[in-house]
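A.B. asks: What follows is each chain in one-letter form.
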Amino acid sequence: MNKLNLSLKQKNTIIGYIFCLPFILGFLFFFIRPFLQAVNFSFNELQVTADGFELHFRGISNYMHILLVHPDFIPSFLETIRDMVVDLPLILSFSFFSALVLNQKFKGQTFSRAIFFLPVIMSAGIILRMEQGDYITEAMQQIEQVDYTFSGAALRNLLLQTRLPEGFLEFVLNAVERIPQIIRASGIQIIVFLAGLQSIPRSIYEAAEVEGATSWENFWLITLPMLSPLILTNIVYTIIDSFISPRNELIDLIRNTAFEGAGFGISMAMAIMYFLTILIMLGVVFKILSGWVFYHE
Amino acid sequence: MEWDLKEYLASLKYKIKNKPVKFLISLLRAGFIIGVAFVILQPLLTKFAASFMVEPDLYDPTVVWIPRQVTFEHYFDVWEYMDYPSALFNHLTLAVAISIMQLFSCTLVGYGLARFDFKGSSFLFGCVIFTLIVPPQLVLIPMYMNFRFFNILGLFGEEGVNLLGSYWPYVLTSLTTTGLRNGLFIYIMRQFFKGMPRQLEEAAYVDGAGAFRTFFRIMLPGAIPGLVVVFLFAFVWTWNDEFFMSLFIGGQGDFLTQALRNVAHRAVDGDHNLLHTEYASLIRNTGMLFFIAPILFIYVFLQRYFVESIERTGLVG
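Which chain is which? The protein sequence lines are A and B, in order. With the first letter of the first sequence counted as 1, position 154 gets the number 183 in our numbering; the numbers rise by one all the way through. With the first letter of the second sequence counted as 1, position 278 gets the number 310 in our numbering; the numbers rise by one all the way through.
Keep in mind the hints are simulated off the structure, nothing from the lab. These numbers come from a predicted model, not from an experiment. A couple of the hints might just be wrong.
Pairwise CB distance ranges (calculated) [stated by the list, open to error]:
no., chain 1, residue 1, chain 2, residue 2, range
1, B, N183, A, F140, 51 to 57 angstroms
2, B, V95, A, L57, 53 to 59 angstroms
3, A, V313, B, F136, 35 to 41 angstroms
4, A, L187, B, L41, 36 to 42 angstroms
5, B, L328, A, W245, 50 to 56 angstroms
6, B, G254, A, I61, 31 to 37 angstroms
7, A, V68, B, L232, 43 to 49 angstroms
8, A, L57, B, D286, 30 to 36 angstroms
Looking from chain B toward chain A, a few residues come up when the C-beta cut is under 8 angstroms (computed) [stated by the list, open to error]:
no., residue
9, L73
10, G158
11, L170
12, I173
13, R245
14, L321
15, Y331
16, L334
Cβ atoms here follow ideal geometry from the backbone N, Cα and C, with glycine treated the same way.
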């Protein structure tokens, strides 16, 4: 390459692009192209013919249809978004707390970690889908639910007497019912927080100890700020994880609409509505948190 | 250092005074861990218990965990219905091959984004993150259409070729970092390479090694913890993946995914009325154990490496 008399900068650019070539190709052919097609499909009606497919332009009628006519879209859309809004803080706080616990030194620490990470390999993909509607799994869940309704009713009465705001109470009761789901969705998030905890230099704590800080102050003034960038990472991860979860009703609806129901165009319109909503939500979360997140370097 | 009796006694006093608190904390911790462990293990334990049950045990309200009549018959049945040895071999080969391809491409890209400050590199990184936050279902149908009538720049004639049902969609998406969650792998490798000292490469450059030689000879051996993490994630997610499997291969492949999905169907001889019975559920749950077993086996042995290397990847930096 020296024969071409390139400057170091030009050389770096060329080599950089060569290294990134797999992504550039994949992005163009297997991501942006399908993505733009999806946008295009959402404005069309797609008919499969013998040798390919035909598009008939329909304007925004697909969007009008899902918003005004389709009986299932708005309910399952709202439910999916609500689930995400409820689950996100729960998963984050549970995994944060678990990471703090698993970071302590105690007997059986390695074994406990192994079990906490087990959902990463077990509660995924085909297994979760097979468990849906399965007799034995449902029988087990019924046993769980009997227990929860019992404690839930008692809890409800107790909480109603406290005269706390009703929205907050609903959130708490909802959260109690979701405990198993939350735990099984937190594997990776715990790993990320744990890795973060271990990357905080010991010297910072030592310095704080010399200054006479209590462990309470250590937590709020060292641990939490040092981990705050990872909260963003975990928010993004939790959201992308919910796409693949078979419990995601909207994703099921999108899939069923495409292959059995109203057709590809409508299905794509639904998917794009979902995507835009998530994009806006992520934007809001980033906006709120960006002032608060602390970067060490 | 001098051993000071007075100081030692003071510290002993402190220890004794704090003992009840410490004991309480470790008690609470144990309660928390055992509770969570139970919730996590419960589905696995249920399947394990159920796999030994005969059908009447399921109706018996006194049977929860321990079957009244222990039977091993489901294990033999499921082994046969799933065509287990061949399905396992195919599944394992596919998962390993895909993981290696994804590892290769994502590592290259991660390194390119970590070490070469070229024009557009931050834009490319933004694109990587963008691929992550788009639900795969959004591109499901266009992907399906693309591979059904596969054609790039008119290379394959007017109508294109049908790649569905072959391995080509897997190979193409894995080598171009568009497989399942590959954006995350690029991100992990980028963070990892960013955490490695620059002096390593500078020394290699001074000695006259080119960029690629440096990458393969110097950087890759140093990046093994990161590579292990990415490989394990890729392997686990490919193993469990249902989305790309049903999109690319469909319902007829000889993999564990299809074997598991059809196991109850085969157990009741294709009779749809029997498909939702308790017997079908028993077979299905035993099948799920067969599906999880290999990956659980690997996890038991690699768990330590898995967790420790994640901590060392600088995933966090």
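A.B. asks: Output the numbers, in ascending order, of every earlier hint that fails for this structure.
C.D. replies: Going through the list in order, the structure violates hints 4, 5, 10, 13, 14 and 16 and respects the others.
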